[in-house]
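Protein chains: 2
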Amino acid sequence: MPEAMNTEATTDKRVEFRVSPDRYRHWKLSTDGPVATLTMDVDEQGGLVPGYELKLNSYDLGVDIELYDAVQRLRFEHPEVRTVVITSGKPKIFCAGANIRMLASSPHGWKVNFCKFTNETRNGIEDATASSGQTYLAAVNGTASGGGYELALACEHIMLVDDRSSAVSLPELPLLGVLPGTGGLTRVSDKRHVRRDLADYFSTKSEGIGGKKAVQWRLVDEAVPRPRWDETVTERAAELAGRSSRPEDAAGVELTPLAKTRDDDAIRYDHVEATLDREAGRVDISVKGPQNQPPADIAAAAGQGADFWPLAVTRELDDLILDLRTNEPELGTWVFRTEGDPGRVLAHDELLLTSASAGDWFANEVLHYLKRTLRRLDVTSRSLIAAIEPGSCFAGSLLELALAADRSFQLAGVFEDKDQDAEPATMTLGDINLGPLTMSNGLTRLQTRFWGDEAGYEAAAKRRGEALEAEDAAELGLVTFAPDDIDWDEEIRIATEERASFSPDALTGLEANYRFAGPETMETKIFGRLTAWQNWIFNRPNASGPDGALRRFGTGQRAAFDRRRV
Amino acid sequence: MPEAMNTEATTDKRVEFRVSPDRYRHWKLSTDGPVATLTMDVDEQGGLVPGYELKLNSYDLGVDIELYDAVQRLRFEHPEVRTVVITSGKPKIFCAGANIRMLASSPHGWKVNFCKFTNETRNGIEDATASSGQTYLAAVNGTASGGGYELALACEHIMLVDDRSSAVSLPELPLLGVLPGTGGLTRVSDKRHVRRDLADYFSTKSEGIGGKKAVQWRLVDEAVPRPRWDETVTERAAELAGRSSRPEDAAGVELTPLAKTRDDDAIRYDHVEATLDREAGRVDISVKGPQNQPPADIAAAAGQGADFWPLAVTRELDDLILDLRTNEPELGTWVFRTEGDPGRVLAHDELLLTSASAGDWFANEVLHYLKRTLRRLDVTSRSLIAAIEPGSCFAGSLLELALAADRSFQLAGVFEDKDQDAEPATMTLGDINLGPLTMSNGLTRLQTRFWGDEAGYEAAAKRRGEALEAEDAAELGLVTFAPDDIDWDEEIRIATEERASFSPDALTGLEANYRFAGPETMETKIFGRLTAWQNWIFNRPNASGPDGALRRFGTGQRAAFDRRRV
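Protein chains in written order, with the working numbering: chain A, 2 to 567; chain B, 2 to 567.
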């Protein structure tokens, strides 16, 4: 069915990802020493888009934006928190998953973008557990279905109330004709190790499984009778907190409101600026390096709070990616440039690296946040191009933008007309490119780039710290093309115009394949295998056609399926 | 666009996969001692379906059926062949890939099934190289585009003629708005280790890349000037043959014509029988164990030729899977039963295992063929159910059918009404389940089943050789359910009826995820990530809609794209 025939449940207003706990409509965040509690209590009337009610703790993008904000703040603002309990504020229901009317009435692109963000937030929950000593505990105090159970699956430990009615379930397939696509299938098999035939049965049984059987089948870790519920949750939260090495007496770093101006033509932050060329379908993104050398030590950096350059620039990039992905689907190519002093970038990186390896929590958080933000870029369905010009600072952490790009261009020499005495454009590998900023395949972008070419990797890595001009960078395989002044504009113009002439869908598929050479992880399986199948299913008449299961749900009419297996 | 509006280029006749070299229309197979040559010379008028001409050595399913047959025969009928040269019989063109008019006019399911079979054949080429000492050499004596280059990519060594006009290319994205989906993207990045940005550029450049640059970018292994072409091909073929340990003087085993009767209701071979229940959307498949003990040794087994039970039953299963997949898309559930003596199955397995580990080429071929056939089952988009009843022989190699199933049922006890004195149903693990029959994820089905549960795996493996009744098998996690006589029919009826009521697409996605827990390989990436994205793209209006690139190709009109990135 053509998408234009859908009742599109999108809003005319731009979606805004900046939020703070005092404005949450759907979540309550409270802390009690080392234990924080995130209580989901969705406001039925608080949907982001008109046309549906968020009943039974079902969620839409707006609910998940608040969850993402809370997960981020817990890491930065609450160094003392070691366990995060996710639970429900509604009786008998933990969470009913993504709102079905919202899904049914959304155009394809909205569904896909929504699922991607939801996936990223759940990956962030697992990253907090794995990298930050902030362990998530799902206190499933009522039925958790679909995305509700998928939220629990992202937690390290799942407790289910054992009351003969509460169950966990993945009813997407039997009820909606789609997959549990927000990590559900992958986490059931690859994280919780539910046997494949049991997983198959479970995923077709819409009422789900509770009690001891849920434990036996590994769907949850424990089933706890209601009378012992509160005390057991408290006990478990304390146990999990005991495993953490987060500091007890550090002061948190407040994620103060992000300064942003936004109109149809540009998005501007302190360090990041994007200009939107609708005709060309292109966004030009410029990232400014730090104005100063880094503070003397990481304590002073934490004292700068959200203004500390690496944190500030990461927050801005994060917000920009989310804004453009959600609000500007027709701008299919993003061109990255940087501006500033490479040495200062590397000095900031160095402070982060040495402090994090000395065990500093704040440096660790900034590094992992940068890692997550770059991973968000990797799974963004836009063509990414880096343009390395004189005056730029593609060094260390900022070089990752070029390494994340599908193609990169570095000017050989200088712009003769503009500034013939300028220093030529350079790029500089730093230690930060060799370790902590892994992609979701578990490798660095540099390793992925040289996958299967050990000698190429070694030759490049050996030159770290060196400001490489275009010819060297091209020779080492660190940049795709190194045109000179005469060809520069033309080459970049052709690359972006050509990109705009191709099928946007085919580009998405191409990039999703080429960006992830080498090993696979649960995360790449979720974004690759699971998401790709889900997107296919979302597009099929059996789900989204007028007689499809997703559209017919709740109408009293059964779906009419084309029975041919594909 | 509804599929019904397509001009469907499928034939009313059933597709038949049984073929032999004397009936090839598109390939010539010749051998010269240790070197075989497979020459592609496609008959333009020989399309499987009316409506297109197979120009420029482009191919359709019929062309690939012959290729598959040749690859199989080379392994069994030609133990002396150590190198297989794939080349073209047409001047200046190696192969133009899948026929575009065929693709454009095919319904979605046909495209997907065609690509799956093509992928399997290419994986089989790699399996011959890796497991059989029969190394494939692509002698690309003209331009290889799209699927033509993908065919070359499946070969171990790629030679390209260096004549200033011949090139390799993946023009799918720029010309057709789809992916090089028959392994192309995955093999470029993960097998040939082409750097991701170069791969990206290459895959958007429709004219492709030839000469030295193709070598530098690792797209081919060598570029050879035309004057030195023949001698270099001969030289390289001899070198590759030198690596092999295939026997010099063994007699081949002829793959004699497979006896098969086929009508609307049943498909029958000597050892395999399938009854087709169109109302229920189900196929009941029965596999007969060997009638006798195995021959005394592998030489005697080879003397039985294609009648040797393991080879015969594998050939029949292979043909049945292909027939049902292609000709019966509406029969969404396959129920496997077996019949015979488990001891005889295990004795045949044992002969294969001991002979293969002693270096016997024929035992090795049979084992790998069984492995490939079971892998074909794993990627089949049908729900698989195993029903283990009294008199069955789910042991060793045949137990793999139950381990491949999405769910299995084993009768606890006997059918009281039918034969109350029968021996209860059993299943038996054999050594063959613990090693050679790996899935495409590189693990055995047993390892995949117990992925993340080492203790469960050990407990099951320890019981090998033991005839396990239902309660034991269920306790060990080797079977999903163990109903008794009273519940048996009802449980299987409910399971199959329920399956038939679900969205066929969602089932395909579910199964494609749950069947492949654990590690990923190039093969799982091709069937998971790459294929799923391709299927999504095939479904999108930007490719297959009336204004899409695939439909508009060759009309002189440019495609009209919905520019929104998803």
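Rather than coming from a laboratory, the hints here were simulated on the basis of the structure. Bear in mind that the values here come from a model prediction, so they are computed numbers and not experimental data. Hints are not guaranteed to be accurate.
Remember, identical chains collapse to one label, so a pair may be satisfied in a single copy or spanning two.
What the hints assert, rightly or not - Okay, derived cross-link-like pairs now, DMTMM-like style, lysine to aspartate or glutamate, Cα gap no bigger than 25 Å in a straight line:
| no. | residue 1 | residue 2 |
| --- | --- | --- |
| 1 | Lys192 | Glu472 |
| 2 | Lys214 | Asp320 |
| 3 | Lys91 | Asp485 |
| 4 | Lys192 | Asp379 |
| 5 | Lys214 | Asp488 |
| 6 | Lys206 | Asp490 |
| 7 | Lys419 | Asp298 |
| 8 | Lys213 | Asp454 |
| 9 | Lys213 | Asp231 |
* Those earlier numbered hints the structure runs against, lowest number first -> Hints 1, 2, 3, 7 not satisfied by this model.
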